[in-house]
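Keeping the supplied structure of chain W fixed, place chain B upon it in accordance with the hints.
Listed below, chain by chain, are the residues.
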Amino acid sequence: MVHFNAEEKASVTSLWGKVIVEEAGGEALGRLLVVYPWTQRFFDNFGNLSSASAIMGNPKVKAHGKKVLTSFGDAIKNMDNLKGAFAKLSELHCDRLHVDPENFKLLGNVLVIILAMHFGKEFTPDMQAAWQKLVAGVANALAHKYH
Amino acid sequence: MVHFTAEEKAVVTSLWNKVNVEEAGGEALGRLLVVYPWTQRFFDNFGNLSSASAIMGNPKVKAHGKKVLTSFGEAIKNMDDLKGTFAKLSELHCDRLHVDPENFKLLGNVLIIVLANHFGKEFTPLVQAAWQKVVAGVATALAYKYH
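Which chain is which? The protein sequence lines are W and B, in order.
Numbering-wise, full-length UniProt numbering puts 136 at position 136 of the first sequence, and it's gapless, one number per residue.
Numbering-wise, full-length UniProt numbering puts 74 at position 74 of the second sequence, and it's gapless, one number per residue.
Hints were generated in silico from the structure; no laboratory data involved.
Note that the coordinates shown come from a computational prediction; the quantities given were computed from them, not determined experimentally.
Even glycine gets a Cβ: it sits at the ideal position worked out from N, Cα and C.
One thing to keep in mind: the hints can contain errors.
Stated by the list, open to error - Distance condition first, Cα-Cα at most 27 Å in a straight line; then the derived DSSO-like pairs of lysine-lysine:
1. B/Lys121 with W/Lys105
2. B/Lys105 with W/Lys133
3. W/Lys62 with W/Lys88
What the hints assert, rightly or not - Partial selection, computed: residues in chain B whose CB lies under 7 Å from chain W:
4. Val34
5. Val35
6. Ser50
7. Ala52
8. Ala63
9. Lys67
10. Ala116
11. Asn117
12. Phe123
13. Pro125
14. Leu126
Stated by the list, open to error - Chain B stretches covered by chain W per the calculated footprint, using a threshold of three residues with CB under 8 Å from any CB of chain W:
15. 6-18
16. 127-139
So that you can see chain W by itself, here it is in the shape it has in the complex (with noise of 0.2 Å):
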């Protein structure tokens, strides 16, 4: 189980609470879908996906990606227990929507990097690092009940 110092969890609350989930969360879905093309997949009646000002402008990936992105904002207040913060989206994204794990990982780098463009220098390596742990207990707490 993946373990947050006090630095760590200061650093990532302090971010966190500058972050427009709103539009960091359209951000983020949408350059996944831009970068990643077959994650598509998982979006079919999105309408309009043809080209990245399509998917970045299209209503739905926004309203998507604020309602991922604000689900993230749970594991930001349950650092110490992601696996049970995200059961249930686990075995939503298993049984259900049939999402292939790796993608995880690849929403978790599109954020980081999009904080990164966001932050600047405020974006010091030790915050990466931070982030880059979180995103990745994210990664495996949604991945923990796949079967």
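Coordinates of chain B only, in the frame set by chain W:
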């Protein structure tokens, strides 16, 4: 073999021309050593790597980072033949340096984060997609001669 469209090549090259290789190289290698501390084992003789600030300020890290990223610049001039370009370096990393090829993907991801951090909004989804493709191609090329 990975294939780049004319658009992808143009996008990668135009961003690369604005990169300060010395700074970005040191930043990328430094962040690799901070975020993925096990990679420090390959740099035993680099002196003080005891904290993020020690690592980021370490002159040997900066010098070697510049060397690594200069070599990356070669990739960008040879995007149609990454395997050929990196054949000798691949042998070196396998036969003499004994670097786990998984680390090439980590460094590639860190480089993307450094670019995103530096270029902000200019690091659009399409720019990100092209660069992810380059770093993946370089990682594959570096692993190619492994046996």
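How the hints compare with the structure:
1. B/Lys121 with W/Lys105: Answer holds: B/Lys121 to W/Lys105 is near 23 Å, not above 27 Å.
2. B/Lys105 with W/Lys133: 16 Å, holds
3. W/Lys62 with W/Lys88: 23 Å, holds
4. Val34: At about 4 Å, which falls below the 7 Å cut-off, the nearest Cβ of chain W leaves the hint on B/Val34 intact, so it holds.
5. Val35: This hint holds: B/Val35 lies near chain W, its Cβ roughly 4 Å from the closest one there, short of 7 Å.
6. Ser50: 13 Å, violated
7. Ala52: Hint on B/Ala52: holds, closest Cβ of chain W at ~5 Å, below 7 Å.
8. Ala63: 18 Å, violated
9. Lys67: 20 Å, violated
10. Ala116: 4 Å, holds
11. Asn117: 4 Å, holds
12. Phe123: Check passed: Cβ of B/Phe123 comes within 6 Å of chain W, closer than 7 Å.
13. Pro125: 4 Å, holds
14. Leu126: At about 5 Å, which falls below the 7 Å cut-off, the nearest Cβ of chain W leaves the hint on B/Leu126 intact, so it holds.
15. 6-18: violated (count 0)
16. 127-139: holds (count 3)
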